Amino acid sequence: MLSKKKQGESISVAHARVPLENVTSFATRTVFARDYGLVRVRAGGIEGIGFCYAGSSGGTLVAEAVEQLLAPILLGHDSLLVEGLWQRMFQETLLHGRAGSVMRAISILDCALWDLNARTVNLPLYKYLGAAVDDAVPAYASGGYYLEGKTPKKLGEEMAAYVKAGFRAVKMKVGRLSPKEEEARVKAAREA
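Using this note's numbering, the letters of the sequence shown correspond one by one to residues 1 to 192.
Do not rely on the hints blindly, as some may be mistaken.
[As the list claims (entries may be wrong)] In silico DSS-like pairs for lysine-lysine, Cα to Cα no more than 25 Å straight-line:
#  : residue 1 : residue 2
1  : Lys153    : Lys187
2  : Lys153    : Lys171
3  : Lys150    : Lys187
4  : Lys154    : Lys164
5  : Lys127    : Lys150
6  : Lys154    : Lys171
7  : Lys154    : Lys180
8  : Lys187    : Lys173
9  : Lys164    : Lys187
10 : Lys153    : Lys164
11 : Lys150    : Lys164
12 : Lys187    : Lys154
13 : Lys153    : Lys127
14 : Lys154    : Lys127
15 : Lys150    : Lys173
16 : Lys150    : Lys171
17 : Lys187    : Lys171
18 : Lys150    : Lys180
Source of the hints: derived by calculation from the structure; they are not laboratory data.
Every value quoted in this text rests on a predicted model; they were computed, and no experiment measured them.
The whole structure should be built from the sequences, with the hints applied where relevant.
Printed below as a string of structure tokens:
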């Protein structure tokens, strides 16, 4: 039970801005820092954690949505009723926009509730959620950002480094350049 009255049962939220050592460019914008939202949901001496990437400047918005809009409607309710609590949060956001920072705030609280419930029964989250077989999740690399001086050749070298590191898939950015230039970038990536 999440309760305002019982000591040690609470929802706390924080945000962090992490400056990037290397500026990153996408098709439509350049990113100098990344913001994150973090929540801790505590009940019965156990803590569930949720976090999200909040864009290049949205960490405070996510934190405010959690603190002002969503946490108050969760406190006092059974943490096991995750689906119903999600619906309560979604309904609460009707006039605030059901996109962007508001949905990220719902997401980190949802994740924290699932994490709390899994920890309550001493299971890893993936098992609590009913994972079928594997104890591992395949990972992909994220790269191919638009950086000054990054030629298709350098992009190919970057992609080859991901493959050498063991990644079987890479998500890369496209869309900033002309179709012909993008074709050269994609070709270099595929040949890597």
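Here's how the hints hold up against the structure:
no.: 1; hint: Lys153 with Lys187; in the structure: 10 Å, holds
no.: 2; hint: Lys153 with Lys171; in the structure: 17 Å, holds
no.: 3; hint: Lys150 with Lys187; in the structure: 14 Å, holds
no.: 4; hint: Lys154 with Lys164; in the structure: 15 Å, holds
no.: 5; hint: Lys127 with Lys150; in the structure: 42 Å, violated
no.: 6; hint: Lys154 with Lys171; in the structure: 16 Å, holds
no.: 7; hint: Lys154 with Lys180; in the structure: 17 Å, holds
no.: 8; hint: Lys187 with Lys173; in the structure: 13 Å, holds
no.: 9; hint: Lys164 with Lys187; in the structure: 18 Å, holds
no.: 10; hint: Lys153 with Lys164; in the structure: 16 Å, holds
no.: 11; hint: Lys150 with Lys164; in the structure: 20 Å, holds
no.: 12; hint: Lys187 with Lys154; in the structure: 12 Å, holds
no.: 13; hint: Lys153 with Lys127; in the structure: 43 Å, violated
no.: 14; hint: Lys154 with Lys127; in the structure: 41 Å, violated
no.: 15; hint: Lys150 with Lys173; in the structure: 13 Å, holds
no.: 16; hint: Lys150 with Lys171; in the structure: 17 Å, holds
no.: 17; hint: Lys187 with Lys171; in the structure: 14 Å, holds
no.: 18; hint: Lys150 with Lys180; in the structure: 16 Å, holds
Taken one by one, the earlier hints fail for this structure at numbers 5, 13, 14, listed in ascending order.
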